[in-house]
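K.L.:
Given next are the chains, with one letter for each unit.
There are 2 protein chains.
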Amino acid sequence: MPHRYLNLTPLPEALAILRREFPSPGRAESVPLREAVGRVTAEPLYARYSVPVADIAKFDGYAVKSGETRGAQDQRPLPLAGYARVNTGEVLPQPFDAVVMIEDTWDEDGIPRIRKSAAPGQHIRRAGEDVRAGELVLPKGHRIRPFDIGALATYGIDRVSVRSVRVGIVPTGSDLVPLGTAPGPGQTIETNTLMAEAYLTGNGATCRRYGIVPDDTGLIREAVETAIAENDIVILSAGSSAGTRDFSRDVVEDLGGIVFHGIAVRPGKTVLLANVGGKPVLGMPGYPVAAQTVLREVAGSLLSWWGLSPVPCGELDVRLARRLASDLGFDEFVPVSVGRVDGTCWATPHPRGSGIQMAVVRANGYLYIPAGREGIEEGEEVRVRLTVPPASITRTLVCVGRRDPVLGELGNLLAEAGYHLHCCNASTVGAVLALQAKTCHAATVALPETASAWDDQVLRYLPDVDLLRVPVARTEFGIASADPLDPGSLASLRVANRPKSAAAQFLLDSWLDREGIDVSPSGVPADARVCSALEAREAGLRFTSIGCESCDLVIREELAADEGIAALIEAVRSPEFCAYLHSIGRASGDGDAPGVSSA
Amino acid sequence: MPHRYLNLTPLPEALAILRREFPSPGRAESVPLREAVGRVTAEPLYARYSVPVADIAKFDGYAVKSGETRGAQDQRPLPLAGYARVNTGEVLPQPFDAVVMIEDTWDEDGIPRIRKSAAPGQHIRRAGEDVRAGELVLPKGHRIRPFDIGALATYGIDRVSVRSVRVGIVPTGSDLVPLGTAPGPGQTIETNTLMAEAYLTGNGATCRRYGIVPDDTGLIREAVETAIAENDIVILSAGSSAGTRDFSRDVVEDLGGIVFHGIAVRPGKTVLLANVGGKPVLGMPGYPVAAQTVLREVAGSLLSWWGLSPVPCGELDVRLARRLASDLGFDEFVPVSVGRVDGTCWATPHPRGSGIQMAVVRANGYLYIPAGREGIEEGEEVRVRLTVPPASITRTLVCVGRRDPVLGELGNLLAEAGYHLHCCNASTVGAVLALQAKTCHAATVALPETASAWDDQVLRYLPDVDLLRVPVARTEFGIASADPLDPGSLASLRVANRPKSAAAQFLLDSWLDREGIDVSPSGVPADARVCSALEAREAGLRFTSIGCESCDLVIREELAADEGIAALIEAVRSPEFCAYLHSIGRASGDGDAPGVSSA
Chain X
4 MPHRYLNLTP LPEALAILRR EFPSPGRAES VPLREAVGRV TAEPLYARYS
54 VPVADIAKFD GYAVKSGETR GAQDQRPLPL AGYARVNTGE VLPQPFDAVV
104 MIEDTWDEDG IPRIRKSAAP GQHIRRAGED VRAGELVLPK GHRIRPFDIG
154 ALATYGIDRV SVRSVRVGIV PTGSDLVPLG TAPGPGQTIE TNTLMAEAYL
204 TGNGATCRRY GIVPDDTGLI REAVETAIAE NDIVILSAGS SAGTRDFSRD
254 VVEDLGGIVF HGIAVRPGKT VLLANVGGKP VLGMPGYPVA AQTVLREVAG
304 SLLSWWGLSP VPCGELDVRL ARRLASDLGF DEFVPVSVGR VDGTCWATPH
354 PRGSGIQMAV VRANGYLYIP AGREGIEEGE EVRVRLTVPP ASITRTLVCV
404 GRRDPVLGEL GNLLAEAGYH LHCCNASTVG AVLALQAKTC HAATVALPET
454 ASAWDDQVLR YLPDVDLLRV PVARTEFGIA SADPLDPGSL ASLRVANRPK
504 SAAAQFLLDS WLDREGIDVS PSGVPADARV CSALEAREAG LRFTSIGCES
554 CDLVIREELA ADEGIAALIE AVRSPEFCAY LHSIGRASGD GDAPGVSSA
Chain U
4 MPHRYLNLTP LPEALAILRR EFPSPGRAES VPLREAVGRV TAEPLYARYS
54 VPVADIAKFD GYAVKSGETR GAQDQRPLPL AGYARVNTGE VLPQPFDAVV
104 MIEDTWDEDG IPRIRKSAAP GQHIRRAGED VRAGELVLPK GHRIRPFDIG
154 ALATYGIDRV SVRSVRVGIV PTGSDLVPLG TAPGPGQTIE TNTLMAEAYL
204 TGNGATCRRY GIVPDDTGLI REAVETAIAE NDIVILSAGS SAGTRDFSRD
254 VVEDLGGIVF HGIAVRPGKT VLLANVGGKP VLGMPGYPVA AQTVLREVAG
304 SLLSWWGLSP VPCGELDVRL ARRLASDLGF DEFVPVSVGR VDGTCWATPH
354 PRGSGIQMAV VRANGYLYIP AGREGIEEGE EVRVRLTVPP ASITRTLVCV
404 GRRDPVLGEL GNLLAEAGYH LHCCNASTVG AVLALQAKTC HAATVALPET
454 ASAWDDQVLR YLPDVDLLRV PVARTEFGIA SADPLDPGSL ASLRVANRPK
504 SAAAQFLLDS WLDREGIDVS PSGVPADARV CSALEAREAG LRFTSIGCES
554 CDLVIREELA ADEGIAALIE AVRSPEFCAY LHSIGRASGD GDAPGVSSA
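Chains X and U supply the protein sequences, listed in that same order. Position one of the first sequence corresponds to residue 4 (our numbering), numbered consecutively onward. Position one of the second sequence corresponds to residue 4 (our numbering), numbered consecutively onward.
Check the hints yourself; a few may be wrong.
To be verified - Below 27 Å or equal to it, Euclidean Cα-Cα: the simulated DSS-like pairs (lysine-lysine) are:
| id | chain 1 | residue 1 | chain 2 | residue 2 |
| --- | --- | --- | --- | --- |
| 1 | U | Lys-143 | U | Lys-272 |
| 2 | X | Lys-282 | X | Lys-272 |
| 3 | U | Lys-272 | X | Lys-272 |
| 4 | U | Lys-68 | X | Lys-119 |
| 5 | X | Lys-68 | U | Lys-503 |
| 6 | X | Lys-503 | U | Lys-68 |
| 7 | U | Lys-68 | U | Lys-143 |
| 8 | U | Lys-272 | U | Lys-282 |
| 9 | X | Lys-68 | X | Lys-143 |
| 10 | X | Lys-282 | X | Lys-143 |
What the hints assert, rightly or not - So, partial list: chain X residues that the calculated Cβ filter (under 7 Å) puts toward chain U:
| id | residue |
| --- | --- |
| 11 | Lys-68 |
| 12 | Ala-122 |
| 13 | Gln-295 |
| 14 | Gly-414 |
By construction, these hints were calculated from the structure, which means they are not laboratory data. C-beta: ideal position from N, C-alpha, C; glycine also.
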């Protein structure tokens with residue numbers, strides 16, 4: 004029988020259990036200083052000797068006895084009596100007690116002369132001025148910064164005892180193949196353990212990835228036993244789904260005991276935690292975004308309680324660009340793109356599917372909806388944890404609407420100018436509302452090229468706003484068929500598909516209407532299909548045009564002078580972008596197309 | 004003749020020259036995906052195939068034809084006609100078009116039954132739902148995050164072309180010895196190149212450290228030529244002082260040309276920039292804090308213009324705890340400790356000596372005083388760049404006043420409780436003023452144990468503040484001598500030194516006064532010296548007590564309940580701290596001392 008998650012543990016409770024049940028193993032290792040950056044000190048570090056070890060000269064010049072320089076004046080220069088030439092950093096020779104800078108002297112008959120007496124101790128760095136032997140340099144629990152390395156080396160410390168947590172990561176699943184293999188039908192590239200290794204290493208853990216273990220209770224048991232013996236924590240990847248491949252649960256239940264199975268968190272619900280010989284075994288969900296939540300919120304929290312120091316992530320208080328619903332009782336994490344529009348930072352959510360990794364790749368942060376909330380309203384202030392440097396937000400451009408693949412190239416062009424283009428998918432209505440609420444830098448709308456589409460679908464919602472419309476690309480739609488369409492028998496034409504684009508759908512409906520064609524019931528064998536001119540050409544089919552869709556960038560005039568938005572407009576209008584469109588067989592926004600012909 | 008820095012280039016101008024003169028070498032290298040975290044993409048990355056490749060089941064259950072499930076109702080369950088068992092992630096077999104979750108079925112006579120019809124496409128992940136083949140995954144110039152690794156692997160990308168800058172780091176100086184060597188007289192451990200390597204590697208550069216080159220024009224020339232041939236930028240360490248060891252300047256002047264020598268920045272003034280064969284050679288000052296400025300502001304800026312992405316540093320707007328003077332015309336950087344006291348963040352400056360690395364180790368950030376400012380006033384808002392995670396500031400405790408070495412152990416005890424203790428040196432007056440202005444969590448004052456010291460030196464400045472005084476440690480001072488002091492000849496006693504501690508000085512003066520001893524002129528041979536009982540004991544000398552100094556923690560009563568301050572008080576009063584004091588032969592604040600005896 005498949006297992007069910009009848010008792011979902013609330014996230015805060017799950018974390019409290021984890022913390023209580025698994026105290027820090029307190030492991031430390033000694034590493035050479037050069038490898039210590041980013042590691043956390045396990046013991047306090049003390050200076051081995053004083054720096055400087057003795058009194059030293061602060062400048063190039065002459066070591067003198069200050070008493071012998073008394074009386075030197077501008078009007079009454081004095082030759083130096085006893086002196087020694089010293090360079091910056093050299094130990095002050097006995098019996099001198101001051102340094103005269105070389106710039107403050109001149110030679111006459113080979114003897115340096117001065118115009119000013121030297122005070123005792125002048126231009127001398129006292130022994131121990133920087134640090135005294137035995138003085139504390141770094142307390143325990145300190146994350147070593149790059150510049151700490153120089154100080155530690157200076158104070159004679161060449162090895163450091165740092166905290167260490169060993170994480171064993173075990174991928175399980177007969178369908179998994181390693182990265183670099185071309186996956187066959189029903190096979191999946193094993194990627195979650197790579198991601199886990201990258202994330203947990205960044206959090207200061209010492210990770211060890213094991214080979215893929217097929218769905219076999221004996222083999223999984225063996226792998227878990229080995230990993231538990233060699234590590235402080237074990238992560239099983241894809242071992243917590245409720246399907247027929249759910250062998251991991253039985254294995255860890257048998258080896259130790261289940262602490263919890265299922266947390267009230269989205270994504271990431273199917274997490275499993277077991278205790279095997281006093282060590283935690285964490286079963287990570289197979290869906291990558293769910294796995295990320297578990298790595299971040301569960302494994303990451305444990306590493307932090309165990310004294311490792313995660314790479315800091317910036318936080319930003321922003322406004323939510325559109326309402327987000329959320330189920331009561333579930334802590335939820337939502338990837339968002341944050342951008343600053345006209346002085347206000349807005350977070351636009353990406354899709355929440357736990358298999359949609361691109362949402363996280365496209366996002367520059369994520370927000371947290373606590374279990375007690377049924378959702379967050381549009382315009383509400385929320386705190387976003389950033390996955391990019393905070394400073395990059397001011398150079399982020401958020402476009403809402405049609406995510407035409409050509410926007411990727413725009414992103415590349417903008418990256419050259421130092422901007423980050425974030426495209427968030429939305430319908431035309433969604434894009435227009437974002438423009439209205441000023442939550443995005445630009446909207447991308449795809450409209451049929453008819454007399455009224457712009458007025459009907461855009462302008463009527465923004466009557467008082469001056470808009471700038473920048474054509475991005477045009478797509479010609481039509482009917483593709485093996486043989487030329489017979490004008491005489493159009494009425495009986497059966498079209499195989501309904502186009503995905505609303506604009507193409509509108510064009511099709513208008514054409515059918517214009518030609519007096521009845522829509523045939525679905526499921527009936529078809530003579531023709533709706534597609535773009537490019538698709539028809541690539542498929543070698545005859546093509547009857549039904550009209551064009553225009554994908555435009557729409558910008559509020561008042562913001563068009565904004566440096567980032569100006570760069571965006573420039574990129575769209577650039578010869579590079581036009582050349583790119585032609586290279587992929589697309590028509591640029593002004594209709595200039597590379598040899599697209601209608602049948 | 005030694006070189007002078009007659010024409011200091013302003014920092015902004017120096018950076019503009021650097022950027023103009025040295026465009027990005029545009030180097031890229033291909034690395035395996037696992038090594039790509041933190042690197043910056045040199046080319047855009049596109050998905051190799053669609054994910055999912057085909058329509059797949061979202062849940063464990065049965066693949067069905069949706070048409071055949073029509074009519075199933077709670078009151079009229081339906082056995083499934085044609086179906087196939089599928090697990091989460093499996094490709095949907097032909098000719099099915101929907102999935103029924105196993106939880107929504109039950110078996111009867113081996114045939115699964117349903118109570119609800121399935122909609123077409125139900126519980127199916129469509130091919131390309133996550134990403135479509137050829138779609139842009141990451142634009143160029145993107146710093147790869149740990150979770151990006153999972154997505155890239157999923158989309159078939161197993162190698163990545165990333166930007167690369169090769170930095171050659173050459174230490175020069177006959178006085179230098181490598182880390183791990185015990186430095187002899189006049190020798191210095193070579194540490195700046197280690198620090199440079201740690202810092203620039205963290206900024207994404209590929210560093211190569213060369214061996215120490217002694218002060219020899221020919222050898223330096225050879226080293227520079229090799230490094231220039233093998234790298235995109237060369238950093239010469241300690242090659243820019245104006246002393247007799249200044250060979251580097253001559254070498255790079257000869258090999259190419261000096262771009263500038265000397266920048267109006269503190270610390271870091273003596274930086275040298277040369278152009279050798281179109282590549283920059285940066286001469287870094289020998290003083291470590293000056294070297295840090297040059298690494299951060301000059302080398303770091305160049306790497307960032309060349310498209311590398313530094314580890315983000317947090318910024319915080321805080322108030323300056325005490326006035327900082329600064330010379331007009333110099334950009335200046337000052338290490339500070341930031342802490343939040345009663346809701347306001349304050350930055351307390353550390354000493355600015357360019358040889359005082361401990362100031363940077365102790366600090367958690369630094370602030371920038373632009374060249375146009377003559378200083379920053381106390382209480383003025385300033386922006387601090389943090390060298391620690393921003394979140395750690397709320398767990399930072401700032402103590403101002405006497406930096407007794409025993410505070411190091413307090414820091415260790417507080418680290419256990421998750422707090423960071425920052426001790427900033429100040430006189431008793433400075434500490435009291437910080438307490439008055441509420442810019443610190445606690446003051447540490449060292450007072451002679453007399454009837455009036457507390458009133459005179461603390462209370463009179465804080466008449467309206469309720470204070471809590473927590474004894475930290477006591478030190479007994481006295482006169483150490485080889486033979487017992489003769490009470491009859493005390494009047495002719497010659498004391499060798501004046502104590503550094505103001506409290507001990509006060510005790511000495513009172514004692515001399517009490518005993519009717521005239522202060523002897525300095526420089527006269529001495530019979531005795533002032534020191535602590537511990538020092539006398541360790542030196543095996545006779546000891547005549549002159550009184551005790553008490554080092555106390557002083558806290559505003561109103562803040563004593565603050566969680567962090569409570570932890571600090573608890574640490575001072577803990578048995579662990581008392582045991583520590585005894586272990587080093589110090590007396591605890593309440594006078595409990597480990598066998599200190601007066602002569």
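K.L.:
What are the numbers of the hints the structure violates, in ascending order?
P.N.:
1, 3, 4, 7, 9, 11, 12
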